[in-house]
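Just so you know, the sequences run in chain order A and B. If you read the first sequence in numbering that gives the first Met the number 0, its first letter stands for residue 0, the second for the next number, and so on. If you read the second sequence in numbering that gives the first Met the number 0, its first letter stands for residue 0, the second for the next number, and so on.
Please keep in mind that the hints were generated in silico from the structure rather than gathered at the bench. Quick reminder that beta carbons are idealized off the backbone N, C-alpha and C, glycines included. Worth double-checking, as some hints may not be accurate.
Claimed, not checked - If we take Cβ atoms under 7 Å as the criterion, some of the chain A residues that face chain B in the derived model are: (1) Leu12; (2) Phe13; (3) Leu17; (4) Ala19; (5) Val34; (6) Ser37; (7) Val53; (8) Pro56; (9) Leu248; (10) Arg271; (11) Thr279; (12) Ile282.
What the hints assert, rightly or not - Derived, one-sided and incomplete: chain A residues facing chain B with beta-carbon distance under 7 Å: (13) Ala15; (14) Ser23; (15) Leu27; (16) Tyr44; (17) Glu241; (18) Leu263; (19) Pro267; (20) Met270; (21) Gly278.
Claimed, not checked - Residues of chain B placed beyond 10 Å of chain A at every Cβ, according to the derived structure: (22) Ser109; (23) Pro111; (24) Leu125.
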Amino acid sequence: MIAILVVLVVLALFGAPLYAIIASCALLGFWSAGVDLSVVPIEVYRLADNPVLVAIPLFTFAGYLLGESGAPKRLVRLAQALLGWLRGGIALVGLASSALFTAFTGASGVTIVALGPLLYTALREARYSEKFTLGLVTTSGCLGLLFAPALPLILYAVVAQQLGLDEPVRVQDLFLAGALPGLLMLVLLGAYSIWQDRAHGSASVPFSWSEVRDAVRDASWELPLPFVVLGGIYSGYFAASEAAAATALYVLVVLVGIRREIPLQRLPAVMRESMVMVGTILIILGVALSSTNYMVDAGVPYQLFEAIRRWIDGPLTFLVVLNLFLLALGMVLDIFSAIVLVVPIIVPVAISYGIHPVHLGIVFLANMQIGYIMPPMGMDLCIASRRFQRPVLELARATLPFIALLLVSVLIITYWPDLSLVLLKRSGA
Amino acid sequence: MLLALVLGVMIALAAGQILLRNAFDIGWLWSAPLLRVLVLWVGMLGALAATRKDEHIAIDALSRLLPRAGRCVVHAFTRVFAAGVSLLIAYHAARLVLEERAGGSIAFSSVPTWLCESILPFAFGLIGVRYLLTAARSLHDLVAAEPAERA
Chain A
0 MIAILVVLVV
10 LALFGAPLYA
20 IIASCALLGF
30 WSAGVDLSVV
40 PIEVYRLADN
50 PVLVAIPLFT
60 FAGYLLGESG
70 APKRLVRLAQ
80 ALLGWLRGGI
90 ALVGLASSAL
100 FTAFTGASGV
110 TIVALGPLLY
120 TALREARYSE
130 KFTLGLVTTS
140 GCLGLLFAPA
150 LPLILYAVVA
160 QQLGLDEPVR
170 VQDLFLAGAL
180 PGLLMLVLLG
190 AYSIWQDRAH
200 GSASVPFSWS
210 EVRDAVRDAS
220 WELPLPFVVL
230 GGIYSGYFAA
240 SEAAAATALY
250 VLVVLVGIRR
260 EIPLQRLPAV
270 MRESMVMVGT
280 ILIILGVALS
290 STNYMVDAGV
300 PYQLFEAIRR
310 WIDGPLTFLV
320 VLNLFLLALG
330 MVLDIFSAIV
340 LVVPIIVPVA
350 ISYGIHPVHL
360 GIVFLANMQI
370 GYIMPPMGMD
380 LCIASRRFQR
390 PVLELARATL
400 PFIALLLVSV
410 LIITYWPDLS
420 LVLLKRSGA
Chain B
0 MLLALVLGVM
10 IALAAGQILL
20 RNAFDIGWLW
30 SAPLLRVLVL
40 WVGMLGALAA
50 TRKDEHIAID
60 ALSRLLPRAG
70 RCVVHAFTRV
80 FAAGVSLLIA
90 YHAARLVLEE
100 RAGGSIAFSS
110 VPTWLCESIL
120 PFAFGLIGVR
130 YLLTAARSLH
140 DLVAAEPAER
150 A
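Start from the sequences and build out the full structure, keeping to the hints where you can.
Right under this line is the structure:
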């Protein structure tokens, strides 16, 4: 068994598709346990069981449409009109608009492609150094993952729900729990940007009501979207899947029907591209449902807990080890695969150490978020390198201060559970 | 095209559901389960489309260190592996669909379960076949490139 696992790991490192690796684990496990292998497709079919999953294709599609449209430009303009007069304002514009855009498009690569060039120009014009600009733009791709309605939050809830925990993990809980930790990251990076600004004296634009008015009018069609979606979700009026449906339809009508920024002939291609992305995530989730089922049946989480209990005696030590493990994981695995693969194993272990599953989710995602920009193979580094024609190494060096600050916030998030849980408790959940 | 169509139906259904619930306080009993089945369908069709462009999520940390010929061999080998796994799942999924059909269970309204499941053998089967073709192309590239390199 060990030999086969080693072979599978080697195959994965040589680029075999991850879903095939996970599926073969499930097939082998059930086969050795003497279970009929049609259990694997039965588990994949459970993709059709979960109403929350409807949100994934719909939000992804809306995100792809927004990314192709003029919405990023309007968003940056509006943020510039509102924040641009502050000291370090342009950098704050970058942070705020990327966070909002990433939250709504979920898969973070889209943010760099759609917003990156705009922010790059704006920051350079405001006389920020090349290094700081590249660092901020690369980092911008991973900000906002902790804000509703980002897909990783939804996916974590979906996977945790499969485990049949005593304490239910609802999508709304994660949406609430992510808000303050996400803000913490923004505040830290914002403070750093303002501090960076001291050297060259800010080249901020003077505040002008007429520009605010024009920018608001310019973005009037997109402006209601965050309010309706976030308001709907947080007030409990919309379920996540309904919010996704409303977003997809609204974005479709506005961008294709009213603004006509995306020609009708282009629409099938955008639909297809977004669904290819969804397919690569869902097939992994599908086969992971079966491998998880096998591992839980075989008592893997329990054995793991028993094994590590000898070395790790308390929740604090566990969290330290967990942070190190997740950072390393984030360097080799994308966030979606990591969620479906690792969450089913570590959630039961973490609960045994008395850690709240919702807090664990935020810790998990915050760590994985840094993985996006960690050298040598962070996804955002690769995307930014392609988009800006810079070597990955140069971008990696430019993002170092940002990584350091995000690490600080991850530590705070990890060891201060109430930061994640206080809104949850106040909402009476 | 099929992908766009399924997605279009999903958006219409999901939005229609909200509208009906709020405006008329009624709902279609079949729309929620149909929507959930469509998630499976759009996911499997998307995965199938991803196979054509070889865009499945993979780690691939080591093969870039290999020389070109080695890369081709490794690429072909990992694709044959993925094809084998996919075809095995497709086989068992097909068995499942046939059994379900004989059993005659209903998923929702009058739609039989086997019909909803039928995407599984279909998609996994085609993914397997497509990966075999990718592997063959990779090996073909290797053989075709070799004389040129020797010359």
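Consistency of the hints with the structure:
1. Checking Leu12(A) against chain B: minimum C-beta separation of about 5 Å stays under 7 Å; hint holds.
2. Of the supplied interface hints, the one on Phe13(A) holds, with its beta-carbon coming within about 5 Å of a beta-carbon of chain B, less than 7 Å.
3. Taking 7 Å as the C-beta cut-off, the interface hint given for Leu17(A) holds, the closest approach to chain B being about 5 Å.
4. The interface hint given for Ala19(A) is met, as the beta carbon of that residue sits about 4 Å from the closest beta carbon of chain B, less than 7 Å.
5. Taken as an interface hint, Val34(A) does not check out: its beta carbon lies about 11 Å from the nearest beta carbon of chain B, beyond 7 Å.
6. A hinted interface residue such as Ser37(A) counts as satisfied when its beta carbon comes closer than 7 Å to some beta carbon of chain B; here the least separation is about 4 Å, so the hint holds.
7. Of the supplied interface hints, the one on Val53(A) holds, with its beta-carbon coming within about 6 Å of a beta-carbon of chain B, less than 7 Å.
8. Using the Cβ-Cβ criterion of 7 Å, the hint placing Pro56(A) at the interface with chain B is satisfied: the shortest such distance is roughly 5 Å.
9. Taking 7 Å as the C-beta contact cut-off toward chain B, the hint placing Leu248(A) at the interface holds, the least distance being around 4 Å.
10. Restraint check, Arg271(A) versus chain B: the minimum CB separation of about 5 Å is within 7 Å; hint holds.
11. A distance limit of 7 Å between C-beta atoms decides the matter here; for Thr279(A) the minimum to chain B is near 5 Å, and the interface restraint holds.
12. The interface hint given for Ile282(A) holds, since its Cβ lies 4 Å from the closest Cβ of chain B, which is under the 7 Å cut-off.
13. Taken as an interface hint, Ala15(A) checks out: its beta carbon lies about 4 Å from the nearest beta carbon of chain B, inside 7 Å.
14. Because the smallest distance between the Cβ of Ser23(A) and any Cβ of chain B comes to about 5 Å, under 7 Å, the interface hint for this residue holds.
15. For the restraint placing Leu27(A) at the interface with chain B, the shortest Cβ-Cβ distance is roughly 10 Å, beyond the 7 Å limit, so the hint is violated.
16. Because the beta carbon of Tyr44(A) sits about 6 Å from the nearest beta carbon in chain B, less than 7 Å, this interface hint is met.
17. At its closest, the beta carbon of Glu241(A) sits 5 Å from a beta carbon of chain B; the interface hint therefore holds under the 7 Å criterion.
18. This hint is violated: Leu263(A) has a C-beta 11 Å from the nearest C-beta of chain B, more than the 7 Å allowed.
19. Contact between Pro267(A) and chain B, as hinted, is supported at the beta carbon level, the nearest pair being about 4 Å apart and thus within 7 Å.
20. For Met270(A), the interface hint holds, since its Cβ comes within 7 Å of a Cβ in chain B; the closest pair sits about 4 Å apart.
21. Taking 7 Å as the C-beta contact cut-off toward chain B, the hint placing Gly278(A) at the interface holds, the least distance being around 2 Å.
22. Against the 10 Å criterion, Ser109(B) stays outside the reach of chain A, whose nearest CB is about 17 Å from its own CB.
23. The Cβ of Pro111(B) sits about 14 Å from the closest Cβ of chain A, beyond the 10 Å cut-off, so the non-interface label holds.
24. Separation of Leu125(B) from chain A is adequate, the least Cβ-Cβ distance of about 12 Å exceeding the 10 Å criterion.
Violated hints for the displayed structure, listed by number in ascending order: 5, 15 and 18.
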